[in-house]
Amino acid sequence: MSIFRWRGAGLPGPLWELERMRNYMESVYSTLANGVNNFRRNYTGVFPLVNLAEDDDSLFLTAELPGIDPQSLDLSIKSDTLTLKGSKKVEGGEQEVNFHRRERDAGSFRRSLTLPSKIQAEAVKAGFKNGILTVTMPKAAEARAHQIAIAT
Amino acid sequence: MTDVSSQEINAREKQPLDTGGIESTSGEPRFSPVVDIWETEEGLTVVADMPGVPAEGLSVDLKDSVLTILGRVEEEPKNRKSLTREYQTGDYFRQFTLSELIDQERITASIKDGVLTVILPKQAPAQPRKITVVAE
Chain A
-14 MSIFRWRGAG LPGPLWELER MRNYMESVYS TLANGVNNFR RNYTGVFPLV
36 NLAEDDDSLF LTAELPGIDP QSLDLSIKSD TLTLKGSKKV EGGEQEVNFH
86 RRERDAGSFR RSLTLPSKIQ AEAVKAGFKN GILTVTMPKA AEARAHQIAI
136 AT
Chain B
88 MTDVSSQEIN AREKQPLDTG GIESTSGEPR FSPVVDIWET EEGLTVVADM
138 PGVPAEGLSV DLKDSVLTIL GRVEEEPKNR KSLTREYQTG DYFRQFTLSE
188 LIDQERITAS IKDGVLTVIL PKQAPAQPRK ITVVAE
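Heads up: the protein sequence lines correspond to chains A and B, in order. Under my numbering, read the first sequence as residues -14 to 137, first letter to last. Under my numbering, read the second sequence as residues 88 to 223, first letter to last.
Mixed in with the good hints, there may be bad ones.
Claimed, not checked - Derived PhoX-like pairs: lysine-lysine, alpha-carbon spacing no greater than 20 Å straight-line:
{"id": "1", "chain 1": "B", "residue 1": "Lys199", "chain 2": "A", "residue 2": "Lys114"}
{"id": "2", "chain 1": "A", "residue 1": "Lys63", "chain 2": "A", "residue 2": "Lys110"}
{"id": "3", "chain 1": "A", "residue 1": "Lys114", "chain 2": "A", "residue 2": "Lys70"}
{"id": "4", "chain 1": "A", "residue 1": "Lys74", "chain 2": "B", "residue 2": "Lys199"}
{"id": "5", "chain 1": "A", "residue 1": "Lys103", "chain 2": "B", "residue 2": "Lys199"}
These are computed hints drawn from the structure, not numbers from a lab. What you are looking at is a predicted structure, and each value in this text was computed from that prediction instead of being measured.
Based on the provided sequences and hints, a complete structural model is requested.
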């Protein structure tokens, strides 16, 4: 049996023991909560993360895909669903090297998303510059804003 | 190249730069780019993901054994209304202390498809030099 220093000022023995258990449980919960937060911070969804924007005529989708060969990207649109597939390779594994850091991910990805408005699938253009994919999707006629003249 | 075709990439948010409480005056976020660093007998290679950085926005500097990488991203078109924003954009900044002696003259840096590669060749090993101790 271990001997504890008497710390619970004014608390009788059994109550001090309860206090000690409560502190321990609190430390367990706070560790768990931190773990959940770390998880949330590092994992937000399906790769790649995308930004969507619009102007009057088009929708714009951008995704950060550094180091991905644009030729290997597979982009398709069916009705209002856009699907992006591809894979990323990282260099350095081909010879005897000593890794100091290995933070970049490699692997395959596939993401589908529903577009917020109807688009003209045949007029979609995609560009790849500095590791950023930009897909420009002209909106379908019915999805565009129509200026309505107010008769006076 | 590593064969990783079966493995899926998880989406990760970019790491905001830890500036120790010092803020940038513009208020724009800055990020710490993810890197691979490996060493061979010839030298060190640093590879960093910096999507959105053009060659002219890149600055790589080695001073007092500290390698500094700075990438400025191109501005996004202003006339668009954002609908969904899963990732943030901003400049990239990261520093490393190098323990190896690097041949400054032969450092090369290149950027392709948003990936920076810096090759830092090691200095030729110093020739052992016998120092004669003269008795006085």
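We went through each hint and held it up to the structure:
1. Annotation: proposed proximity of Lys199 of chain B to Lys114 of chain A holds, straight-line Cα distance about 9 Å (limit 20 Å).
2. Distance restraint check for Lys63 of chain A and Lys110 of chain A: the Cα-Cα separation of roughly 15 Å lies within the 20 Å cut-off, and the hinted pair is therefore satisfied.
3. For a cut-off of 20 Å, the pair hint linking Lys114 of chain A to Lys70 of chain A stands: about 18 Å separates their Cα positions.
4. A C-alpha spacing of about 14 Å is found between Lys74 of chain A and Lys199 of chain B, which places the hinted pair at or below 20 Å, so the restraint holds.
5. Straight-line distance between C-alpha atoms of Lys103 of chain A and Lys199 of chain B comes to about 34 Å, which puts the hinted pair past the 20 Å bound.
Hint compliance for this structure: hint 5 is the single one not met.
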